[in-house]
Amino acid sequence: MKLGLGLYRHQLDDDHFRFAAQAGCTALVIHLVDYFHKAAPQAASDQPTGGLQGWGRAGDPDRLWSEKELKDLVARARTHGLTIAAIENFDPAHWSDVLRDGPRKARQLEGLKTMIRRVGEAGIPCIGYNFSLAGVAGRVRGPFARGGAEAVGTDGPVDEPVPNGMVWNMVVDDHPRPGTMPPCSSDQLWSRLNDFLSAALPVAEQSGVALAAHPDDPPMPTVRSTPRLVYQPRLYQKLIDLSPSPANQLEYCLGSLAEMTEGDIYAATESYSSQKRIAYVHFRNVRGKVPHYKETFVDDGEIDMLRIVRILRRTGYQGVLIPDHAPQMSCPAPWHAGMAFALGYMRAALQAVEREG
Amino acid sequence: MKFIPNTPENVIRSDGKIGRRDLLVRAASLSVGVAASRALLNLSARAADGIAGPALTAGAARVMRVTLRPPDLSDDSLIALKQIGVDDVEVYTFDVPGYAESGQLDDAQLRPIQQRIEGHGMRIGTIILDQRALANLLLGKPDGERDLDKMSRTIECMGRASIPVLMYSLLVSRAILNTLGKPLPGMHRDPLGRGGAVLSNFDAARARTVTEEPAGRISAEEMWSRIERFARRCVPVADQAKVHLALHPDDPPVSPYWGVTQVLNSLDSFKRFLDFAPSPYNGLLFCQGTIQEAGIDLVEYVRTFGPAGKIAHAEFRGVRGNARRYEETFMDDGDVNLAPVVQALHETGYTGLLEVAHVPHLKRDPGERIVDAWSVGFLKGLIAAAAR
Chain H
1 MKLGLGLYRH
11 QLDDDHFRFA
21 AQAGCTALVI
31 HLVDYFHKAA
41 PQAASDQPTG
51 GLQGWGRAGD
61 PDRLWSEKEL
71 KDLVARARTH
81 GLTIAAIENF
91 DPAHWSDVLR
101 DGPRKARQLE
111 GLKTMIRRVG
121 EAGIPCIGYN
131 FSLAGVAGRV
141 RGPFARGGAE
151 AVGTDGPVDE
161 PVPNGMVWNM
171 VVDDHPRPGT
181 MPPCSSDQLW
191 SRLNDFLSAA
201 LPVAEQSGVA
211 LAAHPDDPPM
221 PTVRSTPRLV
231 YQPRLYQKLI
241 DLSPSPANQL
251 EYCLGSLAEM
261 TEGDIYAATE
271 SYSSQKRIAY
281 VHFRNVRGKV
291 PHYKETFVDD
301 GEIDMLRIVR
311 ILRRTGYQGV
321 LIPDHAPQMS
331 CPAPWHAGMA
341 FALGYMRAAL
351 QAVEREG
Chain S
358 MKFIPNTPEN
368 VIRSDGKIGR
378 RDLLVRAASL
388 SVGVAASRAL
398 LNLSARAADG
408 IAGPALTAGA
418 ARVMRVTLRP
428 PDLSDDSLIA
438 LKQIGVDDVE
448 VYTFDVPGYA
458 ESGQLDDAQL
468 RPIQQRIEGH
478 GMRIGTIILD
488 QRALANLLLG
498 KPDGERDLDK
508 MSRTIECMGR
518 ASIPVLMYSL
528 LVSRAILNTL
538 GKPLPGMHRD
548 PLGRGGAVLS
558 NFDAARARTV
568 TEEPAGRISA
578 EEMWSRIERF
588 ARRCVPVADQ
598 AKVHLALHPD
608 DPPVSPYWGV
618 TQVLNSLDSF
628 KRFLDFAPSP
638 YNGLLFCQGT
648 IQEAGIDLVE
658 YVRTFGPAGK
668 IAHAEFRGVR
678 GNARRYEETF
688 MDDGDVNLAP
698 VVQALHETGY
708 TGLLEVAHVP
718 HLKRDPGERI
728 VDAWSVGFLK
738 GLIAAAAR
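Top to bottom, those sequences are chains H and S.
Residue numbers for the first sequence follow my numbering, so the first one is 1 and each next one is one higher.
Residue numbers for the second sequence follow my numbering, so the first one is 358 and each next one is one higher.
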């Protein structure tokens, strides 16, 4: 197993690559979507939360990830002894109508396939995605973690419908028609996911790129009056069963899975790791379940993280673990210190477990 | 802290304070830590009671915990420690007002600090004795007796405050460093770590180029006699006060060093020391870094002294190399996997503190919060793995 660090778009520089190397990482998971684009100012470095207006403005639909920018990132990471294990998330500008089943769907699917090929050409083995209409919406931020450290959580369901022009918690159209996102049933959304995987998985497989699905965050049956796909651990199996392609993989988020109201995180990990479906792991801890959970420091939540590491090892998992989120420490370097704490803990867990019989 | 020389190892920060890291480089050998309650296999019930003062027994789980010395004792620094799950704070004697002038701890000056720390739901887990405290004794000067008196008063003060562990060293090199202001021979800091991290490092050949002997030449016999004098005088005081003394081994573990024959660097030497004054309160500081540099098997060390309850405190760092030449790395990046060492501590009933000792230095890491957070996380990960 390898230790990795997730970096947002604005963190893709030598300073952050160096920090990852110092903390003992050998891999990076990078975000190319600028969640903060033209958004109201918020915590400088941390994960985006945003209100009912979502995060920021989606990117340029006509500007696909170029092979050059991907290769440049891989080369720069290599100078720090790091590999890029995955790109996390498509820009909603690139697949808004794939999610909504809109008029540009066919064109956008072609764009996604082009980008998947380029990612493969650059030698990046995975793209993480979150097939969702409302996206990561409805979370709050506060002094929820140990010692009053700032963390993220939910405080009840959020049902306000998504306004037109917004998809995946970002704005894709500055001048939308008035009104809200048209209704969509759960079956319809599963069918849209199936359309996406049917189009993308053959290209992904051919390009040596896994497509790794993040569970819904927060994992509620509906968020902002839109359906969700994977809001219980068992629903990951439904996604896997859509396609036997080895490129059909999971972006296995322990935090989101533990926030779900059913299931058992250890049994789920055993099952999905044994099926060789975990592309990479989001390693974070949490207290509570939806609609009332809070993210915690890695040692301070309800998940026995060492037990998870031992299950992953026993089932032959050899991929990357990243701390996807960490509480912000009250000090001059809140994001770095919070991540450093999680990375130190994870490094020790890996060193300890790897020498066990 | 004006007495601390501005040497490569003892850089004074731009704010005029001494970096904790730098302080510990010198004091490392001196580092003191906390030993808390533990299953004392071979010790009397009285001793077991004595290890846990009221502050520790009040709901404190009898498990290994992580400690470190914060950059300062401000509320902000304490809160940052609390957030990463450190409830046992390490306090340096110079952090206590009045100590610089009197050379001993005082109840009235210690109490407000202790109360403020406890107000954050934390406690003083250990106190580090300053490294010039025994300088007269170690340098063979006439005032040695006064040093022993003052240290005794400090121990008694800690006993009244129920602070369980005093970390100290008997290093002539640190007495020279802190009284004569000369840099430690052979010690250096260079960007040798991953990602350009600056690591403290030692080269014995470089140390030998320093030919002066500021303390004169001290033989093994003379060194042992000074050490024995200390033990016979101060251990009974600790015994009475129920404060665990944690003796730091030689650092660096080479001999001779600066003209001095260093003698506290082998399993046999530690046994000899403990035999001078047998007491449950006469204990060792398991400085994993220097023990590793000395070529002693770490698990063997723990299995030798752990079951008898002789490890009063433990501190950790990564080490690449040996006493001839070594560098202090991130804890996962040294020559030895530390997981079996923490496992052995757990198995031999150690329930005291694991201290983040020396850390690599990163750019843009004010107060070393980032590297401290990483290191605390690392030790917590090892503790979690050991407790399976």
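Keep in mind that the hints are not guaranteed to be accurate.
Below, computed lysine to any residue pairings styled on SDA-like, alpha-carbon distance capped at 25 Å [what the hints assert, rightly or not]: (1) S:K439 <-> H:R9; (2) S:K720 <-> H:D304; (3) S:K599 <-> H:K2; (4) S:K439 <-> H:H37; (5) H:K294 <-> S:K439; (6) H:K2 <-> S:D692; (7) H:K289 <-> S:V693; (8) H:K2 <-> S:K439.
No lab work stands behind these hints: they were computed from the structure.
Measure nothing beyond the straight line between the CA atoms of S:K439 and H:H37; if it is 25 Å or shorter, mark the hint as holding. Given pair S:K439, H:H37 is violated - Cα atoms ~34 Å apart, limit 25 Å.
Hey, S:K439 versus H:R9, does the alpha-carbon distance stay inside 25 Å? violated, 31 Å
Taking only the CA atoms, is the gap from H:K2 to S:D692 under or equal to 25 Å? holds, 19 Å
Given hint S:V693 paired with H:K289 - CA-CA distance at most 25 Å: violated, 40 Å
For the pair we were handed, S:K599 and H:K2, check the Cα-Cα distance against 25 Å. Measuring from Cα to Cα gives roughly 46 Å; hence the hint is violated.
Would the pair H:K294 and S:K439 pass a check requiring their Cα atoms to be no farther apart than 25 Å? holds, 18 Å
Measure nothing beyond the straight line between the CA atoms of H:K2 and S:K439; if it is 25 Å or shorter, mark the hint as holding. With a Cα-Cα distance of about 29 Å, the restraint between H:K2 and S:K439 is violated, given a limit of 25 Å.
Check whether the Cα positions of S:K720 and H:D304 lie no farther apart than 25 Å. violated, 34 Å
Violated hints, in rising order: 1, 2, 3, 4, 7, 8; the structure is consistent with all others.
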